Amino acid sequence: MHRSEQRDEVEMLAMMLLIRRFEERASQQYQAQKIGGFCHLYIGQEAVVVGAVAAVRNDDYIITAYRDHGHALARGTSANACMAELFGKATGCTLGLGGSMHFFDKQRHMYGGHAIVGAHVPLAAGLAFASKYRSEDRVTLCFFGDGAINQGSFHEALNLIALYKLPVILICENNLFAMGTSVTRSTSLKQIVDRAEGYDIPGDIVDGMSFREVRDKVAEVAASIRKDPHPAFLEVRTYRYRGHSMSDPASYRTKEELEKYRLDDPIIRLRAQLTREGKLTNEQFDALDKKAKETVMASVKFAEQSPELPVEDVYKYAYFDGEKK
Amino acid sequence: MREITYRQALNEALAEELERDPNVFLMGEEVAEYHGAYKVSQGLLERFGPKRIIDTPISENGFAGLGVGAAMTGLRPIIEFMTWSFSLVAFDQVVNNAPNMFMMSGGQFNIPITFRGPNGPAHQLAATHSHATENFYASVPGLKVCTPATPRDAKGLLKTAVRDDNPVLVLEAELLYSSKGMVESPDEELLIPLGQAEVKREGSDVSIICYAQTVPLALTVAAQLEEQDISAEIVDLRSIKPLDEEAIYKSISKTHRVVIVEQDRPFCGVGAEVCYRIQKDIFDELDAPILRVSQEDVPTPYNEKLEKFVLPNADKLMSAVKRICYA
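These protein sequence lines are chains A and B, in that order. So for the first sequence, the numbering used here puts the first residue at 4; every next one is plus one. So for the second sequence, the numbering used here puts the first residue at -10; every next one is plus one.
Hints listed in this document are in silico derivations from the structure and should not be mistaken for laboratory results. It is possible that some hints are incorrect.
BS3-like mimics (lysine-lysine), calculated; alpha carbons at most 27 Å apart, straight line [to be verified]: (1) B:243 - B:189; (2) B:269 - A:135; (3) A:168 - B:239; (4) A:230 - A:109; (5) B:239 - B:305; (6) B:305 - B:169; (7) B:269 - A:319; (8) A:109 - A:168; (9) B:294 - B:239; (10) A:230 - B:40; (11) B:294 - B:305.
To list a few chain B residues with every Cβ distance to chain A over 10 Å, as calculated [said to hold, decoys possible]: (12) 8; (13) 18; (14) 26; (15) 45; (16) 96; (17) 128; (18) 154; (19) 245; (20) 302; (21) 305.
None of the values given here were measured: they were computed from a predicted structure. For every residue, glycine included, the Cβ atom is placed at its ideal position computed from N, Cα and C.
Just need the whole structure built from these sequences, with the hints factored in.
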C-alpha cells in the first residue's frame, strides 16, 4: 500500500482513543458486574492493531486471540455492538453468544476472537490458504501474544505457513507477559522474532508503541506479500497497562516498569507527533477525546437497553441448517 | 449396481465431490504422491492436481486447523487422518474450533468440513493405534458422526458429509477397506442422509444394534443364530450423531429384545446412550434387559489372543443374545 492510500492519521488517533475509552468503560462495567466471564483489556497496546489495520485493505482477513476488543473496533465494528456483546445482549457482535473473548465480524473480515492460546494460528493458515487457493491477493493478519509462541499449534502452523508459502503476516504482540509469566521465564530465546528464523520466515522487530512504525512496517510487508505470496513475522513490542484479565492485580511487575511504559504511551506519542507537525491542535484533540467518551457512554446505554436472545434460540446455533442467522 | 470395495467406494465419493465442487479439496498425510496410506486417494492427484490434493507434514493439529480456517471462508475441506487415533493430537481443532465456531460467532461462520479416516481397532496395532473415537466425538455438540459399514454406505455417507454445511466426521474402518459390496453405478447419484439407520437383515426374535466393524460381526452371528432357530434383526446405525431413534424403536417394537454391539469402550460408550434412550422412550416394549457388547475396559493389547479377548467378538455377542432370549 502506498502512503497516499493510507488512512488519515487523525482518524487513526481517534480510533486509538476510542479503544482506550472503550476499555476503561468496560473495566468499570465489569466491576459493576454488568459484564460476565473473563475480560482482557487492550489498554497500552492500541497502536499495534490500529497501526496494522491502517496499513491493509478492508478485505484482508484479520484474526486474533482473546484480547480482541481493540481488533474489532479497529476494523470498524461499532462500540455499540462490542459493548452489547460484553453485556451478553442479542445486539452484540456475536449476539451475546461469544462474549469478550470471541468477537467476530464477518462483514468486516474480522475472523475472531479465539481463546485457546495458539489454536487460531492454524486457522490463520487456513484463511491464507483459501486466499491462495482462490488466487486472491488478500493478506491475512494473524495477531497473537507472546504466550502463544510456545504452543504446539503455533509451531505446526508456522511450518505449514512457510511450507505452503501462505500470505500471512504473523504479528506477535509481545507485551512481555503471558498472563503472569514474563517472557524471560517462558521462552528459551533471547528475542521472540528468532522463532520465525527456525521456519525460514523473514522476521522483524517493531516498536509497538509507535503507530507510524507499526503501520509502515505492516504496509511494507503487505505490499511484498501481495506481489508474491509468502509469510512474514513481526515481533511488535508493546505493553499492557492492566493485568492479564480483570481479576489480575499484576503484582508480578513493578510500578516503576509500568510508569516507564505509560510515559511512552502510544496515544500521547502520536498526538505529540501530529501536534508538532501542525496537524492537530489541543482543542481538536480534546474534541476527539470527548467524542470517544460520548460514543462509549452511548454504547453502555445501548447495551443496557438491548434485549437478550430467548433461551430456546440456543438450539439454532448448534448446527447450521442452511439459513444464515 | 456393481460390486466394488469399500476403498473404491470412498475413492469414487471423493472423486465425484472434487469433480462437482471446486471448493472441495483433500488434505492429509500421504494423500497425494503416496495415494493414501490405505490407497483411498489412489489416482486423485493425477486427476485433480496438487492444488486440490495436498500432502501435509505429520502435523495433525496444524492441518486440521488449517482446514477449519479454510472452511471459515467457504471452502469445503476434506481432511484425512491417517487413522482417527492420530486425530487425538488434533483434538483441540476438531472439538474446540470446528464445532464451536457457529455458536461463538453468533451464526456468522459455519464450518463445512469433513474429517475422515479409519477408526477403531484394526489388527494387532496395540493401544495407541486402536482407538475407537466415536463416543469421544459424538459427545460434542456441533459435530456429526457417521460410521459406514458397507461400500454403499461408505460412498453415500461420505458424499453427504462433504455437502453438509457443518463439521462431519466420517469414521471408516481399516479392516473394511477391502470388503466388497454392491453399489449403484457411478452415473447414479448416491447420497445417504446422515441420521438414517438401515436394517441390514430382517428378524423377529432379537434386535442387534450395531455400526461400523460390528455390522459384519453381527451378520455372521445372526447366521449362526438362525441355525439355532433364533431370528435376529440387524440394525446398522450408520450415523452415531444424529442418531436414528425411530429405526431403533421400530425394530425393538417388533422383537422386544435388544443387544447393542459397539466397537468402543463400555464406559460412556455409544451403547450406553442408545440404551438410555430405549428404556426412557419404549420401556414397555422390552421383554428382557438390554445388554451391551463392547470392548473390555482396558487399553488394547498387542498380543493377538489377548486383543481378540478384549474386542467385541462373536462369542460374546452370541452369549449375550442367548442370555436375553433365554435360549
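Structure-based check of each hint:
Proposed proximity of residue 243 of chain B and residue 189 of chain B is supported: the alpha carbons are some 15 Å apart, at most 27 Å. The suggested pairing of residue 269 of chain B with residue 135 of chain A is violated, with an alpha-carbon distance near 52 Å, which exceeds 27 Å. Of the pairs offered as hints, the one joining residue 168 of chain A and residue 239 of chain B is violated, with about 55 Å between alpha carbons and a cut-off of 27 Å exceeded. As the CA atoms of residue 230 of chain A and residue 109 of chain A are separated by approximately 26 Å, the hinted pair is consistent with the 27 Å bound.
Annotation: proposed proximity of residue 239 of chain B to residue 305 of chain B holds, straight-line Cα distance about 25 Å (limit 27 Å). This hinted pair checks out: residue 305 of chain B and residue 169 of chain B have alpha carbons roughly 26 Å apart, not beyond 27 Å. In summary, the hint linking residue 269 of chain B to residue 319 of chain A is supported, as the alpha carbons are separated by about 25 Å, within the 27 Å threshold. Restraint check for residue 109 of chain A and residue 168 of chain A: the C-alpha separation of about 25 Å stays at or below 27 Å, so the hint holds.
Simply put, residue 294 of chain B and residue 239 of chain B have alpha-carbon atoms about 37 Å apart, too far for the 27 Å limit, and the pair is violated. About 20 Å separates the Cα atoms of residue 230 of chain A and residue 40 of chain B, which keeps this hinted pair within 27 Å; it holds. Proposed proximity of residue 294 of chain B and residue 305 of chain B is supported: the alpha carbons are some 15 Å apart, at most 27 Å. With a least CB separation of 17 Å from chain A, residue 8 of chain B remains clear of the 10 Å interface cut-off, as annotated.
A cut-off of 10 Å between C-beta atoms confirms that residue 18 of chain B is not in contact with chain A; the least separation is 12 Å. Residue-level check passed: residue 26 of chain B sits 19 Å from the nearest beta carbon of chain A, beyond 10 Å. The claim that residue 45 of chain B lies off the interface is violated: its Cβ sits roughly 7 Å from the closest Cβ of chain A, which falls inside the 10 Å cut-off. Residue-level check failed: residue 96 of chain B sits 3 Å from the nearest beta carbon of chain A, not beyond 10 Å.
Look at residue 128 of chain B: its CB is around 13 Å from the nearest CB on chain A, clear of 10 Å, so calling it non-interface holds up. With a closest Cβ-Cβ approach of about 5 Å to chain A, residue 154 of chain B is found to fall inside the 10 Å limit, against its non-interface label. At roughly 33 Å from the closest C-beta of chain A, the C-beta of residue 245 of chain B stays outside 10 Å, upholding its exclusion from the interface. With a closest Cβ-Cβ approach of about 36 Å to chain A, residue 302 of chain B is found to remain outside the 10 Å limit, as its non-interface label requires.
With a minimum CB-CB distance of about 35 Å to chain A, residue 305 of chain B clears the 10 Å threshold, and the non-interface call stands.
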